[in-house]
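Undergrad: Residues per chain, in single letters:
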Amino acid sequence: AQTVTQSQPEMSVQEAETVTLSCTYDTSESDYYLFWYKQPPSRQMILVIRQEAYKQQNATENRFSVNFQKAAKSFSLKISDSQLGDAAMYFCAYRRGNSGGSNYKLTFGKGTLLTVNP
Amino acid sequence: DSGVTQTPKHLITATGQRVTLRCSPRSGDLSVYWYQQSLDQGLQFLIQYYNGEERAKGNILERFSAQQFPDLHSELNLSSLELGDSALYFCASSVDPTGVRDTQYFGPGTRLTVL
Chain A
143 AQTVTQSQPE MSVQEAETVT LSCTYDTSES DYYLFWYKQP PSRQMILVIR
193 QEAYKQQNAT ENRFSVNFQK AAKSFSLKIS DSQLGDAAMY FCAYRRGNSG
243 GSNYKLTFGK GTLLTVNP
Chain B
139 DSGVTQTPKH LITATGQRVT LRCSPRSGDL SVYWYQQSLD QGLQFLIQYY
189 NGEERAKGNI LERFSAQQFP DLHSELNLSS LELGDSALYF CASSVDPTGV
239 RDTQYFGPGT RLTVL
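So the sequences go chain by chain: A and B.
Heads up, the numbering used here is the position in the first sequence plus 142, with the first residue counted as 1.
Heads up, the numbering used here is the position in the second sequence plus 138, with the first residue counted as 1.
It should be emphasised that the hints constitute simulated quantities derived from the structure, not laboratory data.
Mixed in with the good hints there might be a few duds.
What the hints assert, rightly or not - Residues from chain B that face chain A, not an exhaustive set, calculated with beta carbons under 8 Å:
1. Phe202
2. Gln205
3. Tyr243
4. Pro246
Stated by the list, open to error - With a Cα cut of at most 25 Å, we get these calculated DSS-like pairs of lysine-lysine:
5. Lys212(A) / Lys197(A)
6. Lys252(A) / Lys147(B)
7. Lys195(B) / Lys252(A)
8. Lys212(A) / Lys252(A)
9. Lys215(A) / Lys197(A)
10. Lys220(A) / Lys197(A)
This one's a predicted model, so the numbers in the text were calculated from it and none came from an experiment.
Note that the Cβ used here is the ideal one computed from N, Cα and C, for glycine as well.
All chains should be modelled from the sequences, with the hints used to inform the complete structure.
TA: Structure (structure tokens):
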């Protein structure tokens, strides 16, 4: 079974600075997708970024980028120029690839609570 | 706004009761997933439907059931409720789980409180 581990329960960053959230995962599959979701105090789950395992290039979305190390099974999220609105719980998630059967559920880590200090 | 709607937003009920949570997927999405978020278990997958048929089951209790209707909306039925069922229940939808660009988009959730 796949597992996702977020080793940092809490992180804090100063406004305008950069922070990196860590995520590691365990899988025996070669085809999969990785995601970062953000959950602000409103509790809505918002997709931040996704990465296909077959792509070597790291995904980026504006101020958000990932460092995907497939061999190390590591998938960290970097937030540049942090803003107060970035304060939220961040979840790393794994989904098997399209060749892996019929269950495309997301497996989540336990989350990292990010605080942004003004 | 993800385009996924869930009703009700909040639900307070007593132990032993039965409730129904409703989800409408994004326009064009055929798959619906249900997740439970609780303090002790985190975010856990319950069940998936695709175009009206059950596709996969996760850690869903026998007291829980779900279905997806012809108009693609889905309902999650929780019966014989216990205190431990108090949680945030999310619905997510995607176009087609076998699609290369498939991504799950989440609704705002239903917060269930069992007293």
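Undergrad: Confirm or reject each hint.
TA: Status of each hint after checking the structure:
1. Phe202: Since the shortest Cβ distance to chain A is 15 Å, the answer is violated.
2. Gln205: Status violated, d = 18 Å.
3. Tyr243: Holds, because the Cβ-Cβ distance from Tyr243(B) to chain A comes to roughly 7 Å (cut-off 8 Å).
4. Pro246: 5 Å, holds
5. Lys212(A) / Lys197(A): 10 Å, holds
6. Lys252(A) / Lys147(B): It holds: about 23 Å lies between the C-alpha atoms, which stays within 25 Å.
7. Lys195(B) / Lys252(A): Judged against 25 Å, a Cα distance of about 21 Å means the pair holds.
8. Lys212(A) / Lys252(A): 21 Å, holds
9. Lys215(A) / Lys197(A): 14 Å, holds
10. Lys220(A) / Lys197(A): 18 Å, holds
The structure does not agree with the numbered hints 1 and 2 stated previously, though it agrees with the rest.
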